[in-house]
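**Q** So the sequences go chain by chain: A and B. For reference, each letter of the first sequence is one residue, going 1 to 244 in my numbering. For reference, each letter of the second sequence is one residue, going 1 to 244 in my numbering.
Honestly, I wouldn't trust all of these hints.
Treat identical chains as interchangeable: a pair holds within one or across any two.
[Claimed, not checked] Mimicking BS3-like on lysine-lysine, the simulated pairs with C-alpha atoms at most 27 Å apart in a straight line are:
| no. | residue 1 | residue 2 |
| --- | --- | --- |
| 1 | K232 | K222 |
| 2 | K99 | K41 |
| 3 | K41 | K232 |
| 4 | K175 | K10 |
| 5 | K84 | K72 |
| 6 | K84 | K57 |
None of these hints come from the bench; they were simulated from the model.
Number of protein chains: 2
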Amino acid sequence: MAVNKGDFIKLEFTGKIKETGEVFDTTSEEVAKDAGLQIKKTFGPIPIVVGGGHLIKGLDEAVTGMEEGEEKHIEIEPENAFGKRDPKLVQLIPMREFKKQGIKPYPGMVLTIEGHEGRVLNVSGGRVRVDFNHELAGKTLEYDVRVAEIITDDTEKVKSMIQLHYPSQNMDIDKTEVRIEDGTVTIYMDEMTKFDNRPYMDVTLARFRISRDIWQNMEGIKRVEFADVFEKKDEEVTEEEAEE
Amino acid sequence: MAVNKGDFIKLEFTGKIKETGEVFDTTSEEVAKDAGLQIKKTFGPIPIVVGGGHLIKGLDEAVTGMEEGEEKHIEIEPENAFGKRDPKLVQLIPMREFKKQGIKPYPGMVLTIEGHEGRVLNVSGGRVRVDFNHELAGKTLEYDVRVAEIITDDTEKVKSMIQLHYPSQNMDIDKTEVRIEDGTVTIYMDEMTKFDNRPYMDVTLARFRISRDIWQNMEGIKRVEFADVFEKKDEEVTEEEAEE
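Excised from the complex, chain A in its bound form (with noise of 0.2 Å):
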């Protein structure tokens, strides 16, 4: 069975930047290791919907075709990776803005500055020459994916969708129940997951991603519900305890 648009797979990757050799993301906590990679994120296969923007342009027209267990080597040009380089992005900052602030700028240093991440090419002559283009602008990729798994149980869908969207330490997935009746699907979170002190827009947030995406790729869904269930004990539990 292919890879096709609109499928649910899990994925197992590792990018390196062409050019250097270097490896700026992995599913695999080994190669990670190795490349002495210093990104905090759980590792294992991915779950994404091919076609549904999880990937960058040219992983996800890759996978489509693939098979359940087939692993491949591509190359991304930067148009369908992280795009070109802009050098309009490339600003030049007076030191005085960074010295109000008390921040101390230094060749390398990542900031943020109205939102947008940007890197500190050099300082000089009261002039801080900073890069607002993503890091991996104008780099040609290499991939080394493998199709873990192709998702065809409905329920794995949803649940795969839920691990893409709700990271949480706090989540226990197989503590996730989902019921799918009539065009709604029903999610009861791990309990775990109400006491999250993430905004509540937040959450809001990653569920409309969740249910965005299961609308769009599984047939005759219409409706996503997530109910928080409360439910009243044979002893009594103190306010006290639910709060802990």
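Starting from the known structure of chain A, fit chain B onto it as the hints suggest.
**A** Leaving out everything else, chain B in the frame of chain A:
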């Protein structure tokens, strides 16, 4: 019909300190204005469950037995209100503790130390006297109360607890849908509450309180579900729109 323990009612009240006649809380916007009360809240009758611990003990007891529409003037001793004053809760704190944090204490200043609110009584000899008793501890209170409504409809009972525990300026209670079936109450909150910025944990706590008041005081209810619904629209909603 007289008010019983476990009844859902809407209450109007104005509370004064007997000794001084000072109004400290009221459900009437007019009274608050006249008294120059600096409290930010919505006015109008507040929904409570009698005996549910939502009121001070003396008030809870006083409303029991009142008729719908009845008004009453009552006097409540400290032990049935905010407790007696505890001299041990007045503490001397070295001035240097305040200096460390750049705080300049003055009599009447309200501050929170390790989660406890206190008021500065005086500052002298390098020491600051702070009173951690409740501001109304030791005070005999006078209340004018009126039972505005005894809520008999089950849906309205549920909605009243949402209003009590889930204060949100964005929420329109008329847009909240309640279904009661087979011992389960399912609540579909007003869409706008999804975009609340408070931590999800706080939402969970409010939901727990609503649920507990429901199953403790509504016959046959054992389960409360809060459902957040996401529906496929004919025109696709973009993420940007959803984030607005």
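**Q** Give a verdict on every hint.
**A** Results of checking the hints against the structure:
When the C-alpha separation of K232 and K222 is checked against a cutoff of 27 Å, the pair qualifies only between copies, where the shortest distance is 5 Å, while the shortest distance within a copy is 31 Å. When the C-alpha separation of K99 and K41 is checked against a cutoff of 27 Å, the pair qualifies neither within a copy, at 34 Å, nor between copies, at 42 Å. In this homomeric assembly, K41 and K232 never come within 27 Å of each other (Cα to Cα): the closest approach is 37 Å inside a single copy and 31 Å across copies. Taking CA atoms no more than 27 Å apart as the test, K175 paired with K10 passes inside one copy only; the shortest distance there is 20 Å, against 40 Å between copies.
In this assembly of identical chains, the alpha carbons of K84 and K72 lie at most 27 Å apart only when taken from the same copy (24 Å versus 76 Å across copies). For the homomeric pair K84 and K57, the shortest alpha-carbon distance inside one copy (14 Å) is at most 27 Å, but the shortest distance between copies (70 Å) is not.
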